[in-house]
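Asks: Spelled out from the first residue to the last, the chains are:
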Amino acid sequence: MNSTQQPEQMLPLTPACFHIMLALADGERHGYAIMQSVEQLTEGQMKLVPGTLYRSIKKLLDDGLITEVDERPDPELDDERRRYYKLTEFGQRVAAAEVRRLAHLVNMQQAKKLIEGT
Amino acid sequence: MVWFARLYALCLRLYPAHYRREYGSLMLQAARDLCRDAYRTSGFGGLAFLWARILADTITTAAAVHRDQYQEETGRMTNITFGQLTDTGVLRPINEDSVLSRFYPRPTGDDQLGLFIVADGLGGHPDGNKASKLAVNVISDYVAKQLETAHAQPLDVLVAALQAANTTVRVEYPESGAAVTAVILQGRTASIAQVGDTRAYLVIADELQQLTTDHSVVQRLIDLGKLEPDDPANADRLNILYRSLGHEEALEVDTYTYTLPADSRLLLCSDGLWGMVEAPRILDIINSESNPQEACDKLVALANHRGGKDNITAIVVNVG
Chain A
1 MNSTQQPEQM LPLTPACFHI MLALADGERH GYAIMQSVEQ LTEGQMKLVP
51 GTLYRSIKKL LDDGLITEVD ERPDPELDDE RRRYYKLTEF GQRVAAAEVR
101 RLAHLVNMQQ AKKLIEGT
Chain B
1 MVWFARLYAL CLRLYPAHYR REYGSLMLQA ARDLCRDAYR TSGFGGLAFL
51 WARILADTIT TAAAVHRDQY QEETGRMTNI TFGQLTDTGV LRPINEDSVL
101 SRFYPRPTGD DQLGLFIVAD GLGGHPDGNK ASKLAVNVIS DYVAKQLETA
151 HAQPLDVLVA ALQAANTTVR VEYPESGAAV TAVILQGRTA SIAQVGDTRA
201 YLVIADELQQ LTTDHSVVQR LIDLGKLEPD DPANADRLNI LYRSLGHEEA
251 LEVDTYTYTL PADSRLLLCS DGLWGMVEAP RILDIINSES NPQEACDKLV
301 ALANHRGGKD NITAIVVNVG
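Residue numbers (my numbering), protein chains in the order written: chain A, 1 to 118; chain B, 1 to 320.
You may find that some hints are simply not true.
[To be verified] Computed list of lysine-lysine pairs in DSS-like fashion (alpha-carbon distance at most 27 Å, straight line): (1) A:Lys112 - B:Lys145; (2) B:Lys145 - A:Lys113; (3) A:Lys86 - A:Lys47; (4) B:Lys145 - B:Lys130; (5) B:Lys298 - B:Lys309.
[To be verified] If you want the footprint, here are the derived chain A segments under chain B, 3+ residues with CB under 8 Å: (6) 29-35; (7) 50-56; (8) 79-93.
Please keep in mind that the hints were generated in silico from the structure rather than gathered at the bench. Note that beta-carbon positions come from the ideal geometry of N, C-alpha and C, so glycine has one too.
Just chain B, with the same shape it has in the complex (with noise of 0.2 Å):
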């Protein structure tokens, strides 16, 4: 009996030292209570099948355990919070934009899943409203069916979702469209797909960085170089979108895929926000502002003091 205590110590030493500590001696004493049953019921056939089952058993266990620490040193401990505001502004009579954020519970072991999404109904067209809010839910009822299917990409879901609500847009509301900027976060990978001109920003270590790109006209005249890109006149330009969700059968939507690094944050909102209040402001009041919530009030309550020509939306996510 000695020996098979000394033969699964040996065994032990296949899991990580800190486990080792904690369970060892644990493991040691069941494993001796088992062998104890074994012979005594099945004498030394017993102890030989029990023996078969054990190293099968710390095989792959200790493969789990050695798994289960690098995802907890590596992801599973992000800490995400958010907050989000959506707001008429100043100008328009009614709110166009719809905004969601939304947590999808995760078996224990895998990474939380958050979905953050920004859509921004077509001005100047009828029911921009109902269509942003249409997109919207498509979109999140898509996310929500898709991740009870395991091993779900998120970009490819993002990007199937979006075209879902492409679809049901048009035939809804065929007069109408939205821009929409929907985001996954999972652990520290963020999953972006994108298209018209809501934006996807982030923001580390005192950099405010765009990660979209407008599909308007007025960002393809700067990329032409027929507009300046800072021009604060750009703002008053009627910004005619080529691309947007709910107007072409088949929509091409951007996406993007970041790791986020540990208190970083990113930064959806509508041209709402980034067309009355410029990059440097908007990186002041988050970096001044280490509660999501607080920063997404106070970027709106700004774009309002601006004149707030247009419907203002801002999601602030906090990647701990």
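Here chain A stands alone, though its shape is the one from the complex (with noise of 0.2 Å):
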């Protein structure tokens, strides 16, 4: 299948991979931190297992908006070597894409009453 990609095709993006990608927005993050980047991000609404997390790592990398680093010891944590990812200049088009879409949606008329219950 040939396609030059665009960013809106990727879209939806599940929950779990946005957040993925927000928290890697900051900056290369390794799996742990992600974990806690989004737990943050979503005030203790998304609680990242690693199921979830590396089976959404696997398909961001696959579909080539996440890039693996390299392999190092996180110096605030301990001496084992981790995975470290970064978003590619295609995932930050994509992030950038749902979130414009998320925005429109909120911006509609029926989402607000949705919102403010009328």
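Two chains, each in its own frame: build the complex with the hints.
Replies: Given below as structure tokens:
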């Protein structure tokens, strides 16, 4: 299948994938740091566990949205080597497109009605 | 803490072997991190809650990873390429055929979906070109909308799309109509809806198989034994369609579903091709030309070379 990939073609992202990408927006992270970031970003609403975390990471890697950086210890944790990930340039465009899509949804009159309960 | 690591290592055995090799140690590391945090903040109670979540998550994601693997192995890697060409031909003043090939993006994990349509406006009626164009547009718009519905069955969608086109063409161009062949290709499954004398063929392993039946008087006479199937004079017989889009209020559509093997090819065409080029030559050209666009170009060129008595349209799809 040949097509120059448009970011919009990757949407919608699953919530887990989207939050992982959000966590990487600030820079490289390893798996544990991603789980902590996501929990912080969602104020405790989304607590990733290893199964969902790595299945989502695999999908993001397969789709070219993130890439592995290297394996190195995290000085703030322990001596264990950890695999770091970062967003690709395409991944950044996809994440931005998803944010725009969600923002558009939230701004729709119908959505506002739901929130305001009219 | 070691106990929990051992327990989780056991859980990991639910995942496929290659996935375990790739991600097993990473998942174990993540689980240990979470256990350490949970114990630190909330003691054994926290650990118990964490474990409930990890177990539930393991069961659902292991099943999902197995399913992902199955999809990858069976159809998600299908590579579909296509070519299309429509040509007025030599004798006709305008082109009353219409053609469309389009891919619809799907959520990742689902097969890409291709829609291919050949429509041939009724000759000898006014506005045949407009009727065929309208039919193609209505069908493609309808399919695009319906695909947003989860679990839409391609064949049902196609039939409904042709019905919608039938109604629209009857209203807009009541004197006219069109023959239509429309195919939805998803992974290796082809869903075909057809009315009139536009055809779909399948090429597998050096064999050209006509998948559709013409709704024409000539074909009926052949079926009844009144005409020879390979009589070259058939091509010159005035081909009246007893079924076409835009004619009756209730449109009867012929439908087919096929699972296409790897390296097979689909040909959709109007009678301007099959009426001018006999099946063995069509097969030769398709077999000799692996590039689907080149195959279309050659087929149309040959039909024109033979006289180009009608508008000629071909779509060739390679199923990888």
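Asks: Would you pick out the hints that fail for this structure and give their numbers low to high?
Replies: none
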